Amino acid sequence: MQKCGLFYTSYAAEDALFPSRFQKGCLALFFAALLACPLALDAYAISVLNLILIAVIGAVSLNLLTGMCGQMSLGHGAFVGVGAYGAAVLSNMGLPFFAALLGGGLLAAMVGMFFGIPSLRLKGIYLAISTLAAQLILEYVFLHWSGFTGGANGLPVEPPQIFGYSFDSDASIFYLILGVTTLSVLAVSNVARCRSGRAFVAIRDYHQSAENVGVNLFTFKLQAFGFSSFLAGIAGGLWAHYTMYITPEQFSISLSVSYLAMIIIGGMGSVLGSIFGAIFITLLPEALNLITTGLAGIAPDMSALIIPMKEGVFGLMLVLFLIFEPEGLARKWRLTKAYWKLYPFAY
Amino acid sequence: MEYYLQLIINGLVVGSIYSLVALGFVIIFKATKVVNFAQGEMVMVGAYVCFALTVQFQLPFLLSFLMTLAFSVLLALAVERMVLRPLIGEPIISVIMVTIGLSSMLKAFVQMCWGTQIQVFPPILPQDPFVLMGLPIAPVYVAAFCLSLLLFGIFSLFFKYSSLGIAMRATAFDQQAAQSMGIGIKSIFALSWCIAAVVSSIGGIILGNINGINAQLGHLGLKVFPAVILGGLDSLLGAALGGLIIGVLENLCEGVVKDLFGLGGFREVASFIVLVIILMVKPYGLFGTKEIERV
Chain A
1 MQKCGLFYTS
11 YAAEDALFPS
21 RFQKGCLALF
31 FAALLACPLA
41 LDAYAISVLN
51 LILIAVIGAV
61 SLNLLTGMCG
71 QMSLGHGAFV
81 GVGAYGAAVL
91 SNMGLPFFAA
101 LLGGGLLAAM
111 VGMFFGIPSL
121 RLKGIYLAIS
131 TLAAQLILEY
141 VFLHWSGFTG
151 GANGLPVEPP
161 QIFGYSFDSD
171 ASIFYLILGV
181 TTLSVLAVSN
191 VARCRSGRAF
201 VAIRDYHQSA
211 ENVGVNLFTF
221 KLQAFGFSSF
231 LAGIAGGLWA
241 HYTMYITPEQ
251 FSISLSVSYL
261 AMIIIGGMGS
271 VLGSIFGAIF
281 ITLLPEALNL
291 ITTGLAGIAP
301 DMSALIIPMK
311 EGVFGLMLVL
321 FLIFEPEGLA
331 RKWRLTKAYW
341 KLYPFAY
Chain B
1 MEYYLQLIIN
11 GLVVGSIYSL
21 VALGFVIIFK
31 ATKVVNFAQG
41 EMVMVGAYVC
51 FALTVQFQLP
61 FLLSFLMTLA
71 FSVLLALAVE
81 RMVLRPLIGE
91 PIISVIMVTI
101 GLSSMLKAFV
111 QMCWGTQIQV
121 FPPILPQDPF
131 VLMGLPIAPV
141 YVAAFCLSLL
151 LFGIFSLFFK
161 YSSLGIAMRA
171 TAFDQQAAQS
181 MGIGIKSIFA
191 LSWCIAAVVS
201 SIGGIILGNI
211 NGINAQLGHL
221 GLKVFPAVIL
231 GGLDSLLGAA
241 LGGLIIGVLE
251 NLCEGVVKDL
261 FGLGGFREVA
271 SFIVLVIILM
281 VKPYGLFGTK
291 EIERV
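Line by line, the protein sequences are chains A and B.
To convert, note that position 330 of the first sequence is 330 in UniProt numbering; the numbers rise steadily by one, no gaps.
To convert, note that position 134 of the second sequence is 134 in UniProt numbering; the numbers rise steadily by one, no gaps.
Hints were generated in silico from the structure; no laboratory data involved.
Every value quoted in this text rests on a predicted model; they were computed, and no experiment measured them.
A few of these clues could be false.
As the list claims (entries may be wrong) - Covered stretches of chain A, as calculated for chain B (at least 3 residues, CB under 8 Å):
(1) 31 to 38
(2) 96 to 102
To be verified - So the derived list for chain B, only partly shown, Cβ under 8 Å to chain A, looks like this:
(3) Met-1
(4) Lys-107
(5) Ser-187
(6) Ile-229
(7) Leu-263
(8) Val-269
(9) Phe-272
(10) Ile-273
(11) Val-276
(12) Leu-279
(13) Met-280
(14) Pro-283
(15) Leu-286
What the hints assert, rightly or not - Here are the simulated DMTMM-like pairs of lysine to aspartate or glutamate, each with C-alpha atoms no more than 25 Å apart in a straight line:
(16) Lys-123(A) with Glu-2(B)
(17) Lys-258(B) with Glu-325(A)
(18) Lys-258(B) with Glu-268(B)
(19) Lys-332(A) with Asp-174(B)
(20) Lys-33(B) with Glu-249(A)
(21) Lys-123(A) with Glu-90(B)
(22) Lys-33(B) with Glu-327(A)
(23) Lys-186(B) with Glu-325(A)
(24) Lys-282(B) with Glu-249(A)
Just so you know, even glycine gets a beta-carbon here, dropped at the ideal spot from N, CA and C.
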């Protein structure tokens, strides 16, 4: 007799990341397709893909902090920046790539935990405002500590080198970024289903009952800040090595806002949602570019409008999603899956 | 010494505009518990609309001033009805993000209509400076300061004596009790957005007369946070004093840091460093309600 659906016989099976063989198969196919991308796509498409992958790390890490632990951060862009500058300086000092990447991540984790300390006392808007302060203060440091960061002139970074092999093309660095992104996403998914992850969700849902059942708020909030900014720092380190040139403007408040937009449009507290959100927000300006170049023949003076239009469409998307689909693309994905699972007999 | 006195006066003028914007922020927060990240963009839109009416359509200043106020009331009503009302009862991060989305849209609107370069208002007040204690002060500074004081006076009276103001305070205090006493909460919400938009537009127009306007004016909205946190998030008096203190403080810090370390642009962060310190020490500010749950 064939079983229909998923029936768990142990807690371990229920807790597994990929519970069914079908899911594993789909994932394997997806990865095979991803690995084949550089063969099929042109350099520009791969560069967009690289940006998406880096954004996925940032969004997933912010989702751990904001979506799962409920601590809103408006300073995530600056933490990414700390990681980027840390990794860049370390690798310019001659450290190997992975050591520099980890160093940047750890530096970001320390900075993130320092600015996370107010979260122990503050909630909601107060925390949002204090992380906003962190963002602006860090931006100032990036701009004015020119001995370390190069100030407004920016800081050049060499492409990553591992055992003498230089990842200097979009296609080769794609595999490197894909590897780090996969590891980060797996790490967040695993943290989400372990003791810490459950503690984070408990804190988000109601901090007092979490404390009552024995969750140490101090430790776990700080853990969430530390781990989330560590991954943000990793994203920053990859970014620095990929773009090979970093300036303070790249890590401005609009970066923080776009990470928040990713997790809201994708779906709060969902790893898959952060991936969707990262794809959506990174592709949005590209899609607008396509549309405006398409319209250039009809209305040639569009080019001056394109930058404000990107910002406007971004804001509009954010507002529309919050009003009409507050649980984001992750919910849409669930609904679509359920629809096709029951396809001909939906009722 | 004279340099520092000048800094203090500049700080008071800028601070009085911060106070106006903070007043709008506090009114919205008090009545609706919405943290409005688009306050700075409301300032910017007001300034640009007034600019367009006076310069591009050649209307007399007073008329365009009034039309700008009417426009901002309409804008606030639309925003409250279409964007904020569907989100009543949603988690705080959604509300914050929706106002951030709104600020992006307003900024895009201004940039599409007027571009990004700086625009200058025609001079409305005489240019010859007053001389106060040996220091020259531009008349527009005095006007800005007085106008802010006047508005604060009007609003304190409004909240203290008018029945609408009392209804707004009741809503801020306890929405359910207010509703059961027959106060229309929805219209109070709309009204608080209107007041905030009008006050912000006035701030924007004053600022446009002092510095000219550009698309970066919206960053002013961020300065509101140190001011309101210092004053207490739900206190009108706090907003007034907080704005003035932050204005003076950031100008003084800029001067001191420039003298001592030769670092420019410290103005941008001084107020936020103060903000972090206040949040660590006294998060409910000078006059705020002490209702924060300590963890």
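Status of the hints after comparison with the structure:
| no. | hint | result |
| --- | --- | --- |
| 1 | 31 to 38 | violated (count 0) |
| 2 | 96 to 102 | violated (count 0) |
| 3 | Met-1 | violated (27 Å) |
| 4 | Lys-107 | holds (6 Å) |
| 5 | Ser-187 | violated (21 Å) |
| 6 | Ile-229 | holds (6 Å) |
| 7 | Leu-263 | holds (6 Å) |
| 8 | Val-269 | holds (4 Å) |
| 9 | Phe-272 | holds (4 Å) |
| 10 | Ile-273 | holds (6 Å) |
| 11 | Val-276 | holds (5 Å) |
| 12 | Leu-279 | holds (5 Å) |
| 13 | Met-280 | holds (6 Å) |
| 14 | Pro-283 | holds (6 Å) |
| 15 | Leu-286 | violated (15 Å) |
| 16 | Lys-123(A) with Glu-2(B) | violated (43 Å) |
| 17 | Lys-258(B) with Glu-325(A) | violated (49 Å) |
| 18 | Lys-258(B) with Glu-268(B) | holds (13 Å) |
| 19 | Lys-332(A) with Asp-174(B) | violated (37 Å) |
| 20 | Lys-33(B) with Glu-249(A) | violated (32 Å) |
| 21 | Lys-123(A) with Glu-90(B) | holds (16 Å) |
| 22 | Lys-33(B) with Glu-327(A) | holds (22 Å) |
| 23 | Lys-186(B) with Glu-325(A) | holds (23 Å) |
| 24 | Lys-282(B) with Glu-249(A) | violated (32 Å) |
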